[in-house]
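Undergrad: Sequence:
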Amino acid sequence: MRTILIAGGIGLLGTLVGTRFAIAFLVKRGYGQFIRDDGPTSHQTKRGTPTMGGIVVIASSLLGYAVAHLITLTPPTYSGLLALGLFTCLGLVGFADDWIKISRARSLGLHANAKLALQTGVAIAFGVLALNFPDDHGVTPASSFVSFLRDIPWLALPIWLAVVWIVFIVAAWSNAVNLTDGLDGLAAGASAMVFAAYGIVNIWQYNQNCRMASAAPQCYVVRDPYDLAVVSLALAGACFGFLWWNASPAKIFMGDTGSLSIGGAMAALSVMTRTELLMIIVAGLFVVITMSVALQVGYFKLTGGKRLFKMAPLQHHFELMGWAEVTIVVRFWIFCGLCAAVGMGLFYAEWIAG
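Each residue of the sequence shown is one higher than the one before, starting from 2 at the first, in my numbering.
Just to be clear, a hint being listed does not mean it is correct.
Claimed, not checked - Quick list of the computed label-pair ranges, beta carbon to beta carbon:
hint: 1; residue 1: R212; residue 2: W161; range: 27 to 33 Å
hint: 2; residue 1: K307; residue 2: W161; range: 38 to 44 Å
hint: 3; residue 1: A248; residue 2: R30; range: 40 to 46 Å
hint: 4; residue 1: M213; residue 2: L156; range: 35 to 41 Å
hint: 5; residue 1: A115; residue 2: K29; range: 27 to 33 Å
hint: 6; residue 1: I201; residue 2: P250; range: 29 to 35 Å
hint: 7; residue 1: M2; residue 2: V129; range: 30 to 36 Å
hint: 8; residue 1: V298; residue 2: W324; range: 41 to 47 Å
hint: 9; residue 1: M213; residue 2: A248; range: 22 to 28 Å
hint: 10; residue 1: T328; residue 2: N133; range: 32 to 38 Å
hint: 11; residue 1: P154; residue 2: G31; range: 23 to 29 Å
Derived from the structure by calculation, the hints contain no laboratory data.
All values reported here derive from a predicted model rather than from experimental measurement.
Where is the CB? At the ideal position from N, CA and C, for every residue including glycine.
My request is simple: use the sequences and hints to build the entire structure.
TA: Here is the structure:
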């Protein structure tokens, strides 16, 4: 438990302290956010706010994980390293996107096809590696089964299709967080809740792991659940600390550097804890916001130009309805907390029923 607490504490302190210096550095060099002209007019006041704050979230999470293992003299695991590897590599893709926006003084970064190609390449590498490296019991970080609360026995996939499934999960979650990151503090606060929830899930899987001598019949076949809890709490702490500076009025934005990396971490945790479909419930806020974009585009095409919402993603629809930004963020946080609670409740109820 010490490793988990140290990782979370250092992740929290890292962003609380480090973001202050990042803001000063970015302001000095004029690395500010460019705002789309077709967005809510209230967002124009945010023009020039420092961006790429996700760099601090990534650095603090990695530092928390590394220092926690050094202090407790415990080795890292393949699962932990793969999760953080996906987290970091997608952060680099986001950094490239942010850097193009800043260097070329525009609101659009990487071309959509280039961005998708980079995300796909990173996801394929993660999927292939995660389906390898079996431990002494033959358990790999990821499995070739589709999973909900655990692997679904009748949904086994061929290895190539399992990689495709993992690529889809990575793309879905990285883009979902990217779409959610539109209001001050919204994505950071919601992500902190999701990672904290998964920290609890991972700890429970560790305590009820099939390797334990006293394992119950409904035990979990998951590789390295304890180290995944360390990753989860490092991420939760880093997101929570970043919120100090990102809450309204934001002094810094996480940018695509933060949103893509955080989405990648969610995907990695869902895959390696064998709870891929459960993440849809735990991170339900991100799903709803993403679906609002899909519905808006679909409705627009089917009706020849009519709109289902005033604007998508959903948070901007409520802005145009006259809701204050802080009101939207707090209410969306409440919804996210309820989703996380329902997800954890289902996870625990399945174990009890089993």
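Undergrad: Are the hints correct? Go through all of them and say.
TA: Quick rundown of the hints versus the structure:
1. R212 - W161: 27 to 33 Å: holds (29 Å)
2. K307 - W161: 38 to 44 Å: holds (41 Å)
3. A248 - R30: 40 to 46 Å: violated (24 Å)
4. M213 - L156: 35 to 41 Å: violated (26 Å)
5. A115 - K29: 27 to 33 Å: holds (30 Å)
6. I201 - P250: 29 to 35 Å: The hint (29 to 35 Å, Cβ to Cβ) holds, given that I201 and P250 are roughly 32 Å apart.
7. M2 - V129: 30 to 36 Å: Once the Cβ atoms are compared, 33 Å apart, the range 30 to 36 Å for V129 and M2 holds.
8. V298 - W324: 41 to 47 Å: violated (23 Å)
9. M213 - A248: 22 to 28 Å: 41 Å Cβ-Cβ, so the 22 to 28 Å window is violated.
10. T328 - N133: 32 to 38 Å: At roughly 48 Å between Cβ atoms, N133 and T328 fall outside 32 to 38 Å, so the hint is violated.
11. P154 - G31: 23 to 29 Å: Between P154 and G31, where Cβ atoms are some 56 Å apart, the hint is violated.
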